[in-house]
Amino acid sequence: MARVILVFNKKVIKEYPFSKDSITIGRDEANEIVIDNLAVSGHHARIDKTGGIYILTDLQSTNGTFVNDKKITSYKLQHKDKITVGKHLLFFAMSKQEQTKAKDEELDKTMILDTAQQKELLEKQAEKKAKDVSAQQGKTGVVSFIDGSGEGEIQLTKKLTKIGKAETSEIRLGGLFMPPTAATISRRPNGYAITATTGKTKVKVNNKVIKESYYLKDFDTIEIGSYKFQFYSHDIENEK
Amino acid sequence: MKISAAGLSDVGLKRERNEDYLAMDNSTKLYIVADGMGGHLAGEVASKVAVQIIQKNVNNWINKNSPVTEIFDFPDMTLSQRGNYLSSSIKLANRVIYEMSQEYTEYKGMGTTIVILAIMPTTIIAANVGDSRIYLIRGDSMEPLSKEHSMVAEQLEMGLISEEEAKISPLRHILTRNLGSSDTVDADVFEIEHVDNDHFLLCTDGLTDLVSDNEILNIIKNGNDSEHICQQLISEANKRGGNDNTTVSLIRVNKESDEKRGIIKKFHTFLKNKK
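For the record, the sequence lines run as chains G and D. Numbered per numbering that gives the first Met the number 0, the first sequence spans residues 0 to 239. Numbered per numbering that gives the first Met the number 0, the second sequence spans residues 0 to 274.
There may be inaccurate statements among the hints.
[Stated by the list, open to error] Cut-off 20 Å, straight-line C-alpha distance, at most; resulting in silico cross-link-like pairs (SDA-like, lysine to any residue):
{"id": "1", "chain 1": "G", "residue 1": "Lys157", "chain 2": "D", "residue 2": "Thr121"}
{"id": "2", "chain 1": "D", "residue 1": "Lys254", "chain 2": "D", "residue 2": "Asp24"}
{"id": "3", "chain 1": "G", "residue 1": "Lys157", "chain 2": "D", "residue 2": "His198"}
{"id": "4", "chain 1": "G", "residue 1": "Lys48", "chain 2": "D", "residue 2": "Pro169"}
{"id": "5", "chain 1": "D", "residue 1": "Lys1", "chain 2": "G", "residue 2": "Lys201"}
{"id": "6", "chain 1": "G", "residue 1": "Lys201", "chain 2": "D", "residue 2": "Ser79"}
[Unchecked claim] Ranges of calculated distance between the beta carbons of each label pair, as one might list FRET restraints:
{"id": "7", "chain 1": "D", "residue 1": "Gln101", "chain 2": "G", "residue 2": "Lys216", "range": "43 to 49 Å"}
{"id": "8", "chain 1": "D", "residue 1": "Asn62", "chain 2": "G", "residue 2": "Glu122", "range": "42 to 48 Å"}
{"id": "9", "chain 1": "D", "residue 1": "Leu7", "chain 2": "G", "residue 2": "Ser18", "range": "43 to 49 Å"}
{"id": "10", "chain 1": "G", "residue 1": "Lys10", "chain 2": "D", "residue 2": "Glu162", "range": "40 to 46 Å"}
[Claimed, not checked] Stretches of chain D that chain G covers, calculated by requiring three or more beta carbons in the stretch to come under 8 Å of a beta carbon on chain G:
{"id": "11", "segment": "153-167"}
{"id": "12", "segment": "218-229"}
Derived by calculation from the structure, the hints in this document are not laboratory data. Glycine is no exception: its CB is placed at the ideal position from the N, C-alpha and C atoms.
Isolated chain G (complex conformation) (with noise of 0.2 Å):
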């Protein structure tokens, strides 16, 4: 069983077995090794057991945790490592059988965190940085008719929206020269990205011709035949 030995001092203050998943360092008494200094935020880091490997992570604490007297976000420990949390010293220790067995999980490795283990990891890193967050993450696209055609506005809920004549299209829109689909808004990894489906009726972004997908930025212009529309994106999370 690995160890975390607590040293101020350079005195031994206590010393901790690994007998569960994770331990959670910090100057809450909720934590299993409690630190009382200033130096030390409520939940200042964990260690998560996975595999034979152990994961040491900050979790976004105001003074930082160090490994080595090297910052960390997170780390996998080896046998005698030094942590440091404000004034205090964590040594992390495992036992022979372990060193071994960490050897052998080397080889790129490919693992799975515990679900419930991971979410809780990723919340509390994840709680200070979430309002600095301004990626489109979770965004929703909407386009805005701004040619006076009293279309309104139409959320892109679905993963691929077409806009064109035919009876299936998530946007319909009239006109003689206007093909079943004239141009299709998908939601990718990257965001949102229109392509122009035929060659026949161009589709203009921001006054530009576009040929095949131009990927979509907040007040966007769109232009197909005689329709005009806006294309932003807002979060669905802060409208409820």
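Given the coordinates of chain G, work out where chain D should sit on it, guided by the hints.
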């Protein structure tokens, strides 16, 4: 529409067994790659069982034209019917693998990643769980059509770490989702319209851990024959250590076959002459 598909799976240089599984079916236009994990034979079992369950059920639902409300689990209304077939078959495969791993000690802890590409008349559907990938290669650029379910990818997405940190992170190989570790799973599914000469690459982390996106793109751009490109990609991974099993599948979609173009041309000249 003309589809040409090639695929190869290689054990690599450091592993004894190949736990990856590759299935290509040109008649149903369904292409699947899975990367199994788990001790002894469990990894091989998980990837193979997943692929077979998915193939069998998707084909069955297609034949019966099953409504999305009558297939496994709740439908996802943001997806097309076929998109739901893929997502639902993944959930079903997950349940089976999960139950097998609970039931038998030799299968304890087994799991697998999955990537599926389905080609429809005007669209493609990409579905994935885990860290195997699907790329779209269109013109000179390459972009992912899959989401990576790993600790590092999630940390990166939340803005907790930088790209540089991600590359060296010890959590690189720790998945947050796979088939088999929990009784339910959600796949990420994307649907996009395909254009002429789109290429799609399905691959396991045996390739992407060792060969960068740019290098992959170069090999594909400079190659001609799909089979030969697959061979090159695997050789490249093995040249750099071949740490893991590597599986790649390259699918090219040509919208109009030459024949059809010919007919349209003839028709056009016919119309012109008439005038």
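Hint check results:
Under the criterion of a C-alpha separation no larger than 20 Å, the hint pairing Lys157 of chain G with Thr121 of chain D is consistent with the structure, at around 16 Å. For the suggested pair Lys254 of chain D and Asp24 of chain D, the alpha carbons sit about 19 Å apart, so the restraint of at most 20 Å is met. Restraint check: the Cα-Cα separation between Lys157 of chain G and His198 of chain D comes to about 24 Å, which exceeds 20 Å; the hinted pair is violated. Note on Lys48 of chain G and Pro169 of chain D: the hinted pairing holds, with a Cα-Cα distance of about 13 Å set against a maximum of 20 Å.
Proximity of Lys1 of chain D to Lys201 of chain G is assessed by CA-CA distance (about 26 Å); at most 20 Å being required, the pair is judged violated. For the hint linking Lys201 of chain G to Ser79 of chain D, the alpha-carbon distance of about 26 Å lies beyond 20 Å, and the restraint is violated. Separation of Gln101 of chain D from Lys216 of chain G is about 47 Å and conforms to the stated range, judged on CB atoms against 43 to 49 Å. Here the CB-CB span from Asn62 of chain D to Glu122 of chain G is close to 43 Å, well matched to the stated 42 to 48 Å.
For Leu7 of chain D and Ser18 of chain G, the Cβ-Cβ distance of about 46 Å falls inside the hinted range of 43 to 49 Å, so the restraint holds. Restraint check, Lys10 of chain G to Glu162 of chain D: a C-beta distance of roughly 42 Å satisfies the suggested window 40 to 46 Å. Coverage of the segment 153-167 of chain D by chain G holds [criterion: at least 3 residues with CB-CB distance below 8 Å; count 8]. Figure legend: the segment 218-229 of chain D, annotated as covered by chain G; annotation inconsistent (0 residues with Cβ-Cβ distances under 8 Å, at least 3 required).
In this structure, the earlier hints numbered 3, 5, 6, 12 are contradicted, and the remaining ones agree with it.
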